[in-house]
Amino acid sequence: MSTNQSLLPARPIQRETGNIASDMNGEKVLLNVNKGKYFNLGEIGGVIWELLEQPMSIRSIVDQLLSIYAVERATCEQQLLAFLDQLLDEGLIFMHDEVRD
Numbered sequence: 132m133s134t135n136q137s138l139l140p141a142r143p144i145q146r147e148t149g150n151i152a153s154d155m156n157g158e159k160v161l162l163n164v165n166k167g168k169y170f171n172l173g174e175i176g177g178v179i180w181e182l183l184e185q186p187m188s189i190r191s192i193v194d195q196l197l198s199i200y201a202v203e204r205a206t207c208e209q210q211l212l213a214f215l216d217q218l219l220d221e222g223l224i225f226m227h228d229e230v231r232d
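As numbered in this note's numbering, the sequence shown has no gaps in its residue numbers, which increase by one up to the final residue, 232.
Just so you know, these hints were derived from the structure itself, not from any lab. In this text the structure is predicted, and so the values were computed from the model without any measurement. One or more hints might be untrue.
Using C-beta positions, here's what the derived DEER-type ranges look like [what the hints assert, rightly or not]: (1) E203 - N156: 16 to 22 Å; (2) R204 - N165: 16 to 22 Å; (3) M155 - Y200: 16 to 22 Å; (4) L139 - N165: 33 to 39 Å; (5) Q210 - K166: 34 to 40 Å; (6) E203 - F225: 15 to 21 Å; (7) L162 - A201: 19 to 25 Å; (8) V164 - A205: 23 to 29 Å; (9) M155 - L182: 18 to 24 Å; (10) D154 - V202: 31 to 37 Å.
Yeah, the Cβ is synthetic: ideal placement off N, Cα and C, and Gly gets one too.
Using the sequences and the hints, build the whole thing.
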C-alpha cells in the first residue's frame, strides 16, 4: 500500500464529532459545522463515513470495502487514500496516535 506523509496504513483514523450527516437519495451529505461547508460524500463515501464512527486503520477500511465492492485492492487503496486526504484536509477526520493492524 502506498502512503503519503499524512496517512499511515496501520494508524487508526476516525471521524471528527460535531458534523451533521444525512442520507439523501442513497448518498451521504455532510455539513462541517465549524466551516459551514456542505459535502456530498456519495454512496461509497457514505459507507466509509459510517465505518469511521469507530477508530479504524486504512487496511481495515480497505478490507471492508473489498468485502462489499468488486474492485482491485490497489485501486481501492489509491482511491481511499485520496478520499481520506480530502476529509483530513477539511478537518472531518483525525488520526489516533497508536498503531493498529
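Okay, the hints, checked on the actual structure:
1. E203 - N156: 16 to 22 Å: Between E203 and N156, where Cβ atoms are some 28 Å apart, the hint is violated.
2. R204 - N165: 16 to 22 Å: Violated, at about 34 Å.
3. M155 - Y200: 16 to 22 Å: holds, 21 Å
4. L139 - N165: 33 to 39 Å: For L139 and N165 the Cβ distance comes to about 25 Å; the hint is violated.
5. Q210 - K166: 34 to 40 Å: violated, 24 Å
6. E203 - F225: 15 to 21 Å: violated, 28 Å
7. L162 - A201: 19 to 25 Å: Hint violated: Cβ distance 32 Å, outside 19 to 25 Å.
8. V164 - A205: 23 to 29 Å: This hint is violated: roughly 35 Å between Cβ atoms.
9. M155 - L182: 18 to 24 Å: Given about 19 Å between the Cβ atoms, the range holds.
10. D154 - V202: 31 to 37 Å: violated, 22 Å
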